[in-house]
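Q: One letter stands for each residue in the lines below.
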Amino acid sequence: MFADHLLTVSIWLPILGGILVLLLGSDERKPLVRQLSLGVAVLTFLVTVPLWTGFDRGTAAMQFVEQADWIRPLHIQYFLGVDGFSMPLILLTSFITILVVIAGWRVIRDHLASYMAAFLIMEGLMIGVFAALDAILFYVFWEATLLPMYLIIGIWGGDNRVYAAIKFFLYTLLGSLLMLVAMIYLYYQAGHSFSILDFHAARIGETAQILLFLAFFAAFAVKIPMWPVHTWLPDAHVQAPTGGSVILAAIMLKMGGYGFLRFNLPILPDASHALAGFMIALSLIAVVYIAFVALVQTDMKKLIAYSSISHMGFVTLGFFLFNQQGIEGGMVQMISHGFVSGAMFLCVGVLYDRMHTREISAYGGVGHTMPLFAAFMMLFTMANTGLPGTSGFVGELLVILGAFKTNLWLAVIAATTLVFGAAYSLWLYKRVIFGPVVNENVKKLTDISRREALFLGLLAVFVLGIGLYPGPLLDVMHASIDNLVAQTSLSKL
Amino acid sequence: MEFQIPDFAPAYPEIFLLCMAGAVLLLDLFLGKRFRNLAYGLSIASLLATIAMIIGSSQQATTFNGMFLRDLMGDILKIAVMLFTIMVFIYSRIYQQDRHIFKGEYFVLALTAVLGMMVMISAGNMLLLYLGLELLSLSLYSLIAMRRDSLHATEAAMKYFILGALASGILLYGMSMIYVTTGTLDLAQIHAAIRTGDSANLVLSLGLVFVVVAIGFKLGAVPFHMWVPDVYQGSPTSVTLFLGSAPKLAAFAMLMRLLVGGLENMSGQWQQMLIILALFSIGFGNIVAIAQTNMKRMLAYSAISHVGFFLLGVLSATPDGYAASMFYILVYGFMTLGSFGMILLLSNKDSESDMIANFKGMFSAHPLYALVMTLLMVSMAGIPPLIGFNAKLAVINALVESRLYWVAVVAVLFSVVGAFYYLRIVKFMYFDQPGEAIRLNGGMEMHTLLTINALALILGLPWIGWLIRICNSALAQLS
Numbered sequence: 001m002f003a004d005h006l007l008t009v010s011i012w013l014p015i016l017g018g019i020l021v022l023l024l025g026s027d028e029r030k031p032l033v034r035q036l037s038l039g040v041a042v043l044t045f046l047v048t049v050p051l052w053t054g055f056d057r058g059t060a061a062m063q064f065v066e067q068a069d070w071i072r073p074l075h076i077q078y079f080l081g082v083d084g085f086s087m088p089l090i091l092l093t094s095f096i097t098i099l100v101v102i103a104g105w106r107v108i109r110d111h112l113a114s115y116m117a118a119f120l121i122m123e124g125l126m127i128g129v130f131a132a133l134d135a136i137l138f139y140v141f142w143e144a145t146l147l148p149m150y151l152i153i154g155i156w157g158g159d160n161r162v163y164a165a166i167k168f169f170l171y172t173l174l175g176s177l178l179m180l181v182a183m184i185y186l187y188y189q190a191g192h193s194f195s196i197l198d199f200h201a202a203r204i205g206e207t208a209q210i211l212l213f214l215a216f217f218a219a220f221a222v223k224i225p226m227w228p229v230h231t232w233l234p235d236a237h238v239q240a241p242t243g244g245s246v247i248l249a250a251i252m253l254k255m256g257g258y259g260f261l262r263f264n265l266p267i268l269p270d271a272s273h274a275l276a277g278f279m280i281a282l283s284l285i286a287v288v289y290i291a292f293v294a295l296v297q298t299d300m301k302k303l304i305a306y307s308s309i310s311h312m313g314f315v316t317l318g319f320f321l322f323n324q325q326g327i328e329g330g331m332v333q334m335i336s337h338g339f340v341s342g343a344m345f346l347c348v349g350v351l352y353d354r355m356h357t358r359e360i361s362a363y364g365g366v367g368h369t370m371p372l373f374a375a376f377m378m379l380f381t382m383a384n385t386g387l388p389g390t391s392g393f394v395g396e397l398l399v400i401l402g403a404f405k406t407n408l409w410l411a412v413i414a415a416t417t418l419v420f421g422a423a424y425s426l427w428l429y430k431r432v433i434f435g436p437v438v439n440e441n442v443k444k445l446t447d448i449s450r451r452e453a454l455f456l457g458l459l460a461v462f463v464l465g466i467g468l469y470p471g472p473l474l475d476v477m478h479a480s481i482d483n484l485v486a487q488t489s490l491s492k493l
Numbered sequence: 001m002e003f004q005i006p007d008f009a010p011a012y013p014e015i016f017l018l019c020m021a022g023a024v025l026l027l028d029l030f031l032g033k034r035f036r037n038l039a040y041g042l043s044i045a046s047l048l049a050t051i052a053m054i055i056g057s058s059q060q061a062t063t064f065n066g067m068f069l070r071d072l073m074g075d076i077l078k079i080a081v082m083l084f085t086i087m088v089f090i091y092s093r094i095y096q097q098d099r100h101i102f103k104g105e106y107f108v109l110a111l112t113a114v115l116g117m118m119v120m121i122s123a124g125n126m127l128l129l130y131l132g133l134e135l136l137s138l139s140l141y142s143l144i145a146m147r148r149d150s151l152h153a154t155e156a157a158m159k160y161f162i163l164g165a166l167a168s169g170i171l172l173y174g175m176s177m178i179y180v181t182t183g184t185l186d187l188a189q190i191h192a193a194i195r196t197g198d199s200a201n202l203v204l205s206l207g208l209v210f211v212v213v214a215i216g217f218k219l220g221a222v223p224f225h226m227w228v229p230d231v232y233q234g235s236p237t238s239v240t241l242f243l244g245s246a247p248k249l250a251a252f253a254m255l256m257r258l259l260v261g262g263l264e265n266m267s268g269q270w271q272q273m274l275i276i277l278a279l280f281s282i283g284f285g286n287i288v289a290i291a292q293t294n295m296k297r298m299l300a301y302s303a304i305s306h307v308g309f310f311l312l313g314v315l316s317a318t319p320d321g322y323a324a325s326m327f328y329i330l331v332y333g334f335m336t337l338g339s340f341g342m343i344l345l346l347s348n349k350d351s352e353s354d355m356i357a358n359f360k361g362m363f364s365a366h367p368l369y370a371l372v373m374t375l376l377m378v379s380m381a382g383i384p385p386l387i388g389f390n391a392k393l394a395v396i397n398a399l400v401e402s403r404l405y406w407v408a409v410v411a412v413l414f415s416v417v418g419a420f421y422y423l424r425i426v427k428f429m430y431f432d433q434p435g436e437a438i439r440l441n442g443g444m445e446m447h448t449l450l451t452i453n454a455l456a457l458i459l460g461l462p463w464i465g466w467l468i469r470i471c472n473s474a475l476a477q478l479s
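Protein sequence lines, in the order shown, are assigned to chains P and R. The opening residue of the first sequence carries number 1 in my numbering; numbering runs sequentially from there. The opening residue of the second sequence carries number 1 in my numbering; numbering runs sequentially from there.
Hint data in this document are derived by calculation from the structure and do not stem from the laboratory. There may be inaccurate statements among the hints.
To be verified - Partner residues are not named here, just some residues of chain P that face chain R (Cβ under 7 Å, in silico):
#1 Pro73
#2 Tyr185
#3 Leu454
Unchecked claim - Taking lysine to aspartate or glutamate pairs in the EDC-like style, the calculated list, with each CA pair at most 20 Å apart, reads:
#4 Lys159(R) to Glu134(R)
#5 Lys302(P) to Asp159(P)
#6 Lys33(R) to Glu105(R)
#7 Lys167(P) to Glu105(R)
#8 Lys443(P) to Glu359(P)
#9 Lys360(R) to Glu264(R)
#10 Lys360(R) to Asp159(P)
#11 Lys360(R) to Asp482(P)
#12 Lys405(P) to Asp353(P)
Everything numeric in this text was worked out from a predicted model, so none of it was measured. Just so you know, even glycine gets a beta-carbon here, dropped at the ideal spot from N, CA and C.
For reference, chain R alone in the conformation it holds in the complex (with noise of 0.2 Å):
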């Protein structure tokens, strides 16, 4: 066998991201405390030279013998993982220093979080992907753990990592079943073997069980979902706000390698399992979402009737779909940013303020942040004109198209229950007096960005179309 040397240029942009981490990691080392501000506005300017070299190399490309992808859905999410993530820096700087975790290793924790993510996104084979999910995996639980002295964020690692690393197993487990029937790792080959081979074979049938377990507990679908509210209220808001968003779009990147990319011919027998699934999701994290009175805990609840929300979009096996639930899990991952943005903006030295009751009166004491707050709710409910209500209806559309309308009218129906706790939150800003001062916390470059954060929601409705069009060439390319 001749020895090639594989053609780097596709990851490049990973290649310098990796090469950033490791500079803000050593220059926190010898700077030290002095460094701290430089860190992160080195952090994000890494970031965006990262998202600047890939939009100038944009392109469809395979390398390292398959096991790395370059295409437009990858290209499009490594982008917005990348711009969630400087929100997240942005959102929590103050939030950071009150509670001295401003510390190098959490932008090189981030970083290499968000390389983990890219690594997810760009795999072509079962391998780099698990590789991927782990970098992004270990990551995290450091990053709930950094606050040492928190019983409840150790907790919440502890929870985390056992329950992750159990998921981990499944997958991998599952992963060795379809090499067990394909004889391979590589996603492209799989794809091929199933077609041409018998799609029904048990074990074939077994891998694909574990995989989507795997994929369940990542997500945080329910039945997989226990970990959800525990480390979303757990964990320092900071670090929810970023766990809550951005590997959302990794996790659908390995939704798509792996179930389309690669057992696309199985669609038939995954379909079954997201609808239960996905309609659970829907209906649990709906309904337990009310009796919530923490917001963190509120909005984890709320994380799993999205999740199985964006299920949907993938399960309807069409390519639309599959736009859809990307579209879907942008402008979600774009609002849970927000919204815990506005948990950070009320939590000061003294305290998280992530009570719902802590929102009472804002209407009064600040009417700007109490309809930034309700622009948001009101999107996350998708109720129009926000732009939550045109990723939902790009999903049920994806559903209707496939016929599948009973599960788009009980899935229409869920967001009723839905309104009704989103809603609540409107009533306590608006309707009631409030209990004490509202302080305001964070920089004037946060409070900007969070009211542009809420004003795109309504003020982007005349470029919706433009941003559901990306989705639907990105996924044209992949199937």
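The following block holds chain P by itself, in its conformation from the complex (with noise of 0.2 Å):
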């Protein structure tokens, strides 16, 4: 009964116990809610882990799924599965939950049940995104996702809240409503039925797929992002609370990746042979404009913000790729990202929890004060510069190798990043952490606690332990990727 509808359980699990948190907590009870939230994201986690254990490496199919009629005059169902694309991505999500419940522990000082409702609730319907199989269900999760994301900013964030919140907001809106007018023209096209895996087989014809490249494009562009629609995204990130930006960096962007593998490349492969040339343009100006943009920032959030569009670039560079180390390093790299970009938006939490502000200039010589905070950053600025024996280098390395297969200037070029990488992250890391100790507040800075050591230590354990063995995380995505580079070289016309 149970394992028959993990899916089913990891959705609806959080999402009821965000309400039940909602429904109990108050400003009074705060142990009660801190208790009982990490209670609920630590159970989805377990029961998560048996998509990993009981995964079938062999097969592209879906597995764990669940079939039911949800409306059936618009044949829409209750459709579930995952594979070697989603299944990653779950278990990402219900991990960084935790450590999201974890970082807003004492910090958040008001509203604290609403506030952990809003994540729990926002893990189950991003758990839903990956693992929905039909596409007005993937489009119902995927458009729920953004009022709990809007609350979260405009109710705990930054001074500049309410703008950030609403152009965040919009902004993906207007990405993703020409997304339905796809589905709907789809499912016409496929024989009445929402099913994405009946889209994947429905031929289409040229111009359509163009167009409907287009609408998919429109979507998952703005949430990856590329640029040139990217610009929601830093303000999103610097006026989100620490753990807003970083469920918006670690797993919010990632959907938008998932969907170019879900949506784009299968069911439109001829479209997107015939747009590859124009993402991979977007991709590389991503890579490498985005990257000096990183390097002038004052804001640290901001800086790391434009550095995910920078590495976001690299993934989709990956992608229309069309081949096996292209894609596998843009999976590789979106995994590896969701980490690394949580654990430098968490260190930036850290350093912004006892100074209150991100402004770099107000930093400099923090290693004298806090060392084993210099440290974990240490470890996570190498992965964000790709070093190798960090997850960084794995996805980079991966996808380096499938451009020079296509074109060695495509390569060339890709690789710069690792060079401009290197510079905004380490010059970064060099202004806060070394030198002498700039002022008193930074003087006065105590070293991180046990609570804030935890979750850097759980990251860091990930994002070594993917750098220097990364074949548990191929094999899973193995069967699907060679499924995926058979379906984008078949002609639909």
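Using the supplied hints, reconstruct the complex from the two chains, each of which is provided in its own coordinate frame.
A: Right, dumping it as structure tokens:
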């Protein structure tokens, strides 16, 4: 019974848990709220672990499938299942949520129950996005994540939070509405079915493919985000509370990347090939130009936000090379970036909670007063630059390898990111951690607490783990990637 | 010609309601003030009894020589009209008492308005349709003017009366042209006459234009929307609540009876007209709503845009499209009731509290009602997972099926504009600090019903398919 509904449980457990937290919680009962939220988050993670252990690595078919009618007159189903792409992302989601709950433990003072509930509900919705195999179900989960995030940025955010929250909402809504029309068009092409698997099999003409591609592109490019539709992200990141930034960078951006893998590449292979040059060009602009933009930032969160955009450029670059290494590299990069960017935002959060400023110039010599923190941040900074031995290296190496197969110059331009990435990451680290202690505030800093050491330590384990031994992660994705490469090479015309 | 007594049975619910309206009027006259709460209870009870009669006698029938129709679509719409009216009564009780307009006339006029709507919904003949429409309109004019000491209400009633009378005139003129070409007022016979005859007849086309214009007036579609914001704002909120919900269902029935029941074979012509009405309504309504500071006015412009969206389903000219429209208008009415209910909840003896700024800081003061309002607004904006999204989805689905892709894309893009002003309310409630203390009005029964109203928009999701299926089978019967 339970084993057959693993995905349902992992979607609805955090949502119902979040509602429970909302009902029981008040600002007078903070310990209860904290423990209950942590309990729900940990329990959800434990529920998702069997997805990994029970996963059949030899097949690209959907696993843990659940199928039931939802809106029968429109043939909309409650259809769930995972493959090698979505399963790792679900685990990433359930893991990162635990860290977010711990990170908000003492920091959030007002409306704690609503804060925790918003994150737990969002966890369930994001797992739903990755698990949904019915297009409308996917769309419902996809859009439903906007509202909790809007409230998180708007209620617990920084000074300019209202602007950032509305911009975030409208930008992503505008992008995804065209996707809805595209899905309904595909419904008729696939013989009155909203099943994504039926979409994969539908035959679609050339013009229609291009238009559909652009409709899906509008949704996913805004979400991931690609240059030039990335401008909502720095605003949202800077204004969001630490937990919000972590979820945004670590998981919500991945929804865009996942969308390309689930919709654009397999459903519209001909359009994908036709527009590959365009996609690669945009990706390279993100990789190179956004890296320069990151270099000149004076706000730590903004710098990491731009670094995220640059790294996601690598992901889309990998996907549109249509070869094994490229797609594999893009996927690994997504997972790795989930850990690394989450860690970087948590590091900034640790500093911000003590100093209440994100300006780089307010820091300097933090290494003297917070040695343990400096060590953790060193590791994550290195992972952000893609140092061998960290998770950041594996994805970038694979994508560059894939690019070599296609075009030498492509690989050369992509590889420059290793230099620029190192430049802005290390320079940030140097300005914040090294040098003499610049002011009284830095002098008074205390090193990280056990709670903070816990979440940074957990992340460090994964960053090093994937970097040193990526085999298990690659195994899981292998069959699905082979299948996708085969799908993209078959014309649908 | 032999005289036959027609079969009265299909019309028993209407006859019963008419008797009850008379009874409430008489009792109020003799018992006066002490009776008010009884009139309240009796009105709700008679509506419930009428609903039970409709459910009990659900059938497909034609009587009074084709004047009066009973079908599934009509039954569902009537039940919804009465349920909405019951909700109106419950939401507005305290508000009416505070303003000394909690009078017998209020209930009698509302009941006759319901009767008018039921007649419209059941009309199989253009004259009967007109009769129902006038009964509804006259009751509404008087309801709006009930607050005699309010300048705004009087102005709104005047405006609504003059423009409403003009629209009625236009409708009659259009009907007369249709009568001239087809020689009958019976909608089924008109349908037959146009199918066999010449649908490109100029007089007939002109008649269609007049009919569509009149419907546009009654629905408040651009460019015939001028009265909507002023009437919504000027009326007492308890009447706006009524005006904005139930009559939309009757207008849908009127549209179905006239355009589909009578003029279906001219769909190529009315489709073009409705596309213009619909897209202008969606665009204009959504854009102008952004600039509003008054909540009732904002909801009026939002109503204009929703009317546009609901016309999109009709203009796809397929049974699925009509069903989508019906589903849309049912959901819309339900959301409107909740939204105006929230304004009533905030109002008190001294203040109408109908400014958007009145919602400031709701989250800190009353988190439950902040959530209720958020659910209502997000559903109005058509953002998943709320039911408002499923309604929009059904309409867009019908458009794509009819290959009106560009219409679907334009409609969908304006949803983003719409999302902006609905989210602004959420912003006021969650991100701003309260200006002054927020007091909640209304009794226990209203608070419970309002909460259920909003929660149903999300908890009802598993049963959406069932509701759409009912709409589908209702409209399949029609054509």
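Q: For the pair we were handed, Lys302(P) and Asp159(P), check the Cα-Cα distance against 20 Å.
A: 15 Å, holds
Q: When you check the alpha-carbon spacing of Lys159(R) and Glu134(R), does it fall within 20 Å?
A: Given that 20 Å is the threshold and the Cα spacing comes to 16 Å, the pair holds.
Q: Next pair to validate is Lys405(P) with Asp353(P); report whether the Cα-Cα distance is within 20 Å.
A: 46 Å, violated
Q: Per the CB criterion, is Tyr185(P) less than 7 Å away from chain R?
A: Holds. Min distance 6 Å.
Q: Regarding the pair Lys360(R) and Asp159(P), is the alpha-carbon distance no greater than 20 Å?
A: 18 Å, holds
Q: Can you confirm whether the C-alpha distance between Lys360(R) and Asp482(P) stays at or below 20 Å?
A: 54 Å, violated
Q: Can Pro73(P) be said to touch chain R, with a Cβ gap under 7 Å?
A: It holds, given that the least Cβ distance between Pro73(P) and chain R is near 5 Å, below 7 Å.
Q: With a cut-off of 20 Å on the C-alpha distance, tell me whether Lys360(R) and Glu264(R) pass.
A: 49 Å, violated
Q: Holds or violated: Lys33(R) and Glu105(R), Cα atoms, limit 20 Å.
A: Holds - the C-alpha atoms of Glu105(R) and Lys33(R) are around 12 Å apart, at most 20 Å.
Q: Taking 7 Å as the limit, does the beta-carbon of Leu454(P) come near enough to a beta-carbon in chain R?
A: 31 Å, violated
Q: Take the C-alpha atoms of Lys167(P) and Glu105(R), compute the straight-line distance between them, and say whether it is at most 20 Å.
A: 49 Å, violated
Q: Hint check: Lys443(P) vs Glu359(P), CA-CA at most 20 Å. Holds or violated?
A: 17 Å, holds
Checked against the numbered hints above, the structure violates hints 3, 7, 9, 11 and 12; every other hint is satisfied.
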